[in-house]
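Undergrad: Chains as they are written, first to last, in the working numbering: chain A, 1 to 111; chain B, 112 to 225.
It is possible that part of the hints are untrue.
[As the list claims (entries may be wrong)] Taking lysine to any residue pairs in the SDA-like style, the calculated list, with each CA pair at most 25 Å apart, reads: (1) Lys189/B x Arg98/A; (2) Lys42/A x Phe176/B; (3) Lys189/B x Asp174/B; (4) Lys42/A x Thr74/A.
If you are wondering where the hints come from, they were derived from the structure by calculation, not from laboratory data.
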Amino acid sequence: KQEVTQIPAALSVPEGENLVLNCSFTDSAIYNLQWFRQDPGKGLTSLLLIQSSQREQTSGRLNASLDKSSGRSTLYIAASQPGDSATYLCAVKGSGSRLTFGEGTQLTVNP
Amino acid sequence: DAGVIQSPRHEVTEMGQEVTLRCKPISGHDYLFWYRQTMMRGLELLIYFNNNVPIDDSGMPEDRFSAKMPNASFSTLKIQPSEPRDSAVYFCASTDSGAQGTQYFGPGTRLLVL
């Protein structure tokens, strides 16, 4: 059974700092990996999707990497802003269409 | 497109009552997912449909839970009878299989069972 772990559970940084969120998964036989953002009381917004054949994806200040063999992914946020404050969730897709989610990292960026 | 639409956004009910949650997926999406999110268990997949057919319902917790998708633009998740431990946020998501797995989530229904 796939298990997804995210470290740290919570992170507080000053505005402008670069930061890294970590995600690990136990079964490397994945189809893709997605990073989501969830604002309080809201649904999930997809940020980046990395296919199993890819090493990284970039969108603006966000960069996600994938090392499938070691079962790890990182989400790098450059020059963090208070508006980046949210919970970030990692999810892996195995065979079929099922996504397995981590428990998320709650990020606070202080002005 | 308006995105995935869920109703109601909030529901407060008493134990034993029937609860029906509704979802309208993004037009043209052929997969629909129901998730439940709690502090204790995080985000869990309950069931998903492909072309209106249930594919995997292994996450449905008990027989009290049932889900239907009568057509491509509407799905329901029903809890009967409801219990306090069903209190959670229920999300619906949809995807176009051609989008290689990107799932688009609705805003969720926050359910409180007293």
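Undergrad: If a hint holds in the structure, say so; if it doesn't, say that too.
TA: Okay, the hints, checked on the actual structure:
no.: 1; hint: Lys189/B x Arg98/A; verdict: 21 Å, holds
no.: 2; hint: Lys42/A x Phe176/B; verdict: 23 Å, holds
no.: 3; hint: Lys189/B x Asp174/B; verdict: 10 Å, holds
no.: 4; hint: Lys42/A x Thr74/A; verdict: 23 Å, holds
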